[in-house]
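Just need the whole structure built from these sequences, with the hints factored in.
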Amino acid sequence: MTGLFITREGQPGRWRVWPDAETPEPGAVEETGTYLFELESCADAGAADLLIDDSRLEALRSSTSDGARWRWQPGFHAGTVKAELRVPGAPPRRFEIITDPDRRKLTRDDFDTMVREILEDTFSLFSLSSFRTSVARGSGSRPPAIARLEFLRSRIAELTEVVELITRQPRRRLMAEELAVPYHRASRATGPEILRSFRTGKIGRETATPSRLPPSLQGRLPEQIRVRQRRSTLDLPEHRQMAACLRSWSGWLSAAAGLLDRKAPGTDTGLRETAIAWSARCRRLSTRVSVLARAAPFAEAGEAPAQLALSSLFRNDPVYRRFYRLWQDMNLGIAAVFGDFLNLPLARTYELYELWCFLRLVRAGVETFGPESVETGNLFTTDAAGGMTLAVGSVMVSVGGGWLLCFQKKYEEFWEETDGRGSYSRIMVPDVVAVAPVTPDGTPGRLIVLDAKYRIDGSLNDALNSIHAYRDALVQESDAGKITGFVSAAYLMAPWHGDIASERAYRDVKMPGRLFHPAYRGTFRFGAVALRPGMTVTEISEALQTIIADAATAPMPAYDG
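When we follow this note's numbering, the leftmost residue of the sequence shown carries the number 10, and every step to the right adds one.
Among the clues, some could well be false.
Stated by the list, open to error - Heads up, simulated DSS-like pairs for lysine-lysine below, C-alpha to C-alpha not over 27 Å straight-line:
1. Lys491 - Lys418
2. Lys419 - Lys491
3. Lys91 - Lys272
It should be emphasised that the hints constitute simulated quantities derived from the structure, not laboratory data.
This is the structure:
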């Protein structure tokens, strides 16, 4: 039987990934390891190709004529990868390989949460800007960003589950209707129904004697009697709205596939392959949603706008309430929001985390200092079609209280900078920089450097080296030629889930938990802050205030220039 297996290079043991995939032990796939995929018992194995996340793997020589081998170096992985096995003469076989069940759920949930909160923060901050326009919801003329498509794909998977639950036990209502039936079948007709039936249709006359009709009818009776009856129906206003939304989403995905097809003929091979792959996925997703729109609860429903009204059914029924929340998510996903940092797949969650941290901190600054002095206009650009682009390359945002938040601000050598502030070693680009207000004597405010690291467990030394470098190498030169450091504090930002153990002395806490200890941060103005996807704006605001308080009294390092 044909099978695909994975094993770590140079180590015994393997597990099947296709068909009938086996679940590996947590931690079986490490980001720094090298792994081999082995295809067995396949007649055309020599011409087979294996793609992981749309990238061809390096093929190796196999020891058997009916086998094939590929080498894979995971790097950052999200606990799951999309695989495609191509064998000549057979359709492509697409399947998901779960490399770490726990990490898969955590990373998938984090990715979806970050995309949702990035889009929510974008709309919230956009509403505070000087722009007076709405953001388009259609497909427009630009292909949607990859992160948005990843987000929509996970939403559609949940949408399928919700529609199946609704189909099993749909809500119904009793609908009154009138039926015209022959008089001899209207044995249960009421007096008012018989009287109303005299208004339309032919009137018959009884010829038999003695008459069996009541004297008041005078021997006359309508040939067709209109009787009222109630029947159960699925034609609810909510079902009409849901069906319209499903049809709208299916059309949007189909249009997005067309836009990706038009983008595919570019010169960049990697971008072209990605566009082709996502075009095919969008078409498959469109078909899935179109099938959902034809499910039983929606087949009987009439026409309605693709807009849900928050009725009592959506408020009180748990399953219908899930559909309403998915509708909100889908609206975020199809909004015409663009930007390079949104053009990231699930396998690059760590890069998306950088943008998420910045926007969450900007939103927290609004919460902390109030919206009056916030200036977010340079964070966005708009186009005539209603699209909005996040201009997050080296951007500065005023968040109130005199504080500025900078995303990926570039520091060149300090003697090259006009304000005399820069690096004494090499060009540095920290993820986020918080700039304090200007001092009363006119001196520029000091800096708090924040470096986003989605995972620090496996690369703790590299993470610490980066914030050490930022804190020590960023200096300023005064008019008198004196060189001093201007970084008050340097912190890592990471989605830490461990126990901070603040009741213990920081010396007794092991790394990396020690970095998050409040006393450690307050003593050295160095360490880490926990920023997890799903934290409320209030919690992020508290973290921002803690960062500012920790760094308020840090001594300035001096250098002999």
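Hints, verified against the model:
no.: 1; hint: Lys491 - Lys418; verdict: holds (24 Å)
no.: 2; hint: Lys419 - Lys491; verdict: holds (22 Å)
no.: 3; hint: Lys91 - Lys272; verdict: holds (22 Å)
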